[in-house]
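Asker: Read off the chains here:
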Amino acid sequence: MEQPTEATRAVLHVLPLVLDLGGTFVFAISGAMVAVRHRLDIFGVLVLAFAAGNAGGITRDLLIGAVPPSAIADLKYSGVSALAGLLTFYWYPVTHRLRRDVQWLDAVGLAFFAVAGAEKALLHGIHPIMAALLGMVTGIGGGMLRDVLVSEIPAVLRADLYALAALAGASVVVSAHLLHLHPMVAALLGGGLCFALRFMAIRYG
Amino acid sequence: MEQPTEATRAVLHVLPLVLDLGGTFVFAISGAMVAVRHRLDIFGVLVLAFAAGNAGGITRDLLIGAVPPSAIADLKYSGVSALAGLLTFYWYPVTHRLRRDVQWLDAVGLAFFAVAGAEKALLHGIHPIMAALLGMVTGIGGGMLRDVLVSEIPAVLRADLYALAALAGASVVVSAHLLHLHPMVAALLGGGLCFALRFMAIRYG
Amino acid sequence: MEQPTEATRAVLHVLPLVLDLGGTFVFAISGAMVAVRHRLDIFGVLVLAFAAGNAGGITRDLLIGAVPPSAIADLKYSGVSALAGLLTFYWYPVTHRLRRDVQWLDAVGLAFFAVAGAEKALLHGIHPIMAALLGMVTGIGGGMLRDVLVSEIPAVLRADLYALAALAGASVVVSAHLLHLHPMVAALLGGGLCFALRFMAIRYG
Chain A
813 MEQPTEATRA VLHVLPLVLD LGGTFVFAIS GAMVAVRHRL DIFGVLVLAF AAGNAGGITR
873 DLLIGAVPPS AIADLKYSGV SALAGLLTFY WYPVTHRLRR DVQWLDAVGL AFFAVAGAEK
933 ALLHGIHPIM AALLGMVTGI GGGMLRDVLV SEIPAVLRAD LYALAALAGA SVVVSAHLLH
993 LHPMVAALLG GGLCFALRFM AIRYG
Chain B
813 MEQPTEATRA VLHVLPLVLD LGGTFVFAIS GAMVAVRHRL DIFGVLVLAF AAGNAGGITR
873 DLLIGAVPPS AIADLKYSGV SALAGLLTFY WYPVTHRLRR DVQWLDAVGL AFFAVAGAEK
933 ALLHGIHPIM AALLGMVTGI GGGMLRDVLV SEIPAVLRAD LYALAALAGA SVVVSAHLLH
993 LHPMVAALLG GGLCFALRFM AIRYG
Chain C
813 MEQPTEATRA VLHVLPLVLD LGGTFVFAIS GAMVAVRHRL DIFGVLVLAF AAGNAGGITR
873 DLLIGAVPPS AIADLKYSGV SALAGLLTFY WYPVTHRLRR DVQWLDAVGL AFFAVAGAEK
933 ALLHGIHPIM AALLGMVTGI GGGMLRDVLV SEIPAVLRAD LYALAALAGA SVVVSAHLLH
993 LHPMVAALLG GGLCFALRFM AIRYG
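Chains as they are written, first to last, in our numbering: chain A, 813 to 1017; chain B, 813 to 1017; chain C, 813 to 1017.
Take these hints with a grain of salt, some might be off.
Stated by the list, open to error - Selected chain B positions facing chain C (Cβ under 8 Å, derived; list incomplete): (1) Ile-876; (2) Met-942; (3) Leu-945; (4) Glu-964; (5) Pro-966; (6) Ala-975.
Said to hold, decoys possible - Derived coverage of chain B by chain A (criterion: at least 3 residues anywhere in the stretch with Cβ under 8 Å from a Cβ of chain A; other residues may be distant): (7) 847–861; (8) 878–890.
Source of the hints: derived by calculation from the structure; they are not laboratory data. Cβ atoms here follow ideal geometry from the backbone N, Cα and C, with glycine treated the same way.
Whole structure, please, built from the sequences with the hints as guidance.
Answerer: Following this line, the structure appears as structure tokens:
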């Protein structure tokens, strides 16, 4: 069992931020694409990009008592969301052609959020089982709000292995934490499993 | 006027938990049944069971500043929700045949949540009138999120005497509190009124 | 640069309340009108009036950590919402005939909320850029929940210059704050711009 070093502690604090921002960017794109498909104007697109990119993390932060949530306290989240919204809106022909690749991006975003959500919940002293569930909530929250706002049943509730992939990935992160593995290892194992499950669901589902 | 004894104080703390968990179980079943009717897979069913069973209590807890909410801090809530989801999914023919009885169970759950919500809000020093409203929110929140997630107008907003029954029950709890009645008596009176109103609405409405 | 006097500080605390309550009243009317159009009964109308009138402010307060939110801690909010709901329900022929004027009222409410939201976020030490975004959230939150609850895509996401008007008004408030202008001046400039943008959108849009 490894002693937490200075470097480990730094990783513990930087890792969730990187994962969170990566997930935010990807989900903001998915929100913006849904908004464009529903013919919203640029401001509707930006609102939906922010909602899809940040609802999961904001919900997690409110539920664990981390207030104000990172997405409010830290400008990077809305910056990343706005960037994703603008790129999607003005380059829609490009993003639209890339929508199959966006599916893969979405799987990456889900993995990032599931890991980041579980790590942050653990950091705030939440029980391991609930930390895994909060990783799942972080992963699926944005997509749920995105679909509710355009009056559709959340794809997250239907899509094969979506919530399950997030929960499995977050559970691995929590288990690795209980086994005192390095958080980087936990992130790779958990995120990898989450992505692999979505990969199989998209490829063969 | 009765002095708060040790036993009374114990009741004050245990009663909301029992009522909360009972309400969670019943509403989780209603969420799972809606999910099955919309042909969601087992994970969609579990997500909707958790959402329906816990959204009311989580909303109440966030609004009164009880963070993390009980449903996050205490594993029993997600355990009870998962149990309700699994039972409903794997025994759907049975639960479906019992759906009329579920209406009655739902009335019991509403009464439980209205009472528990009002009691907990009072414990947190919320103004009595708002405590009654928070009892109503606890009662109707889960059903509202359940219906929004399957893209329907919440039945709660249409059903006869639904919000009113919850508000009336919670108001009785609050009034009994102001009259220094025993919390058990308050719960019986308030819960009884809420159930009686729904009983009449279902039977003769 | 002006020193904050006793009077300025009083304005800083009273102004958000007045603006918040004015915005609540107007949006509660819009919520109640939508509820009546969907043939909800009086209790559905009151729930939707409260949701539309208070969701924006409650979201803002949860996000900035002002818990319990004003709408829960202060009875005036639910009183104003209930009044708006009752007036709309029982005088629907009148309110319906006035629905064009309600559009103007709505523009006033949006201006009130955008200003109040930005001012309160600044008071709680939120970064100026996020304070402007929170002003927008305060302005559009109620209308979004109102439409989601009747299973429609939020008009806010479609309507010309809606989110933009709120954001522009809130940005002016924040800029005026950074320039140390009197909060009353900030409110007039920001609210005026927000209203003017909506005015043009309704008139010529």
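Asker: Which earlier hints turn out false for this structure, listed by number in ascending order?
Answerer: When the structure is compared with the hints, none of them turns out to be violated.
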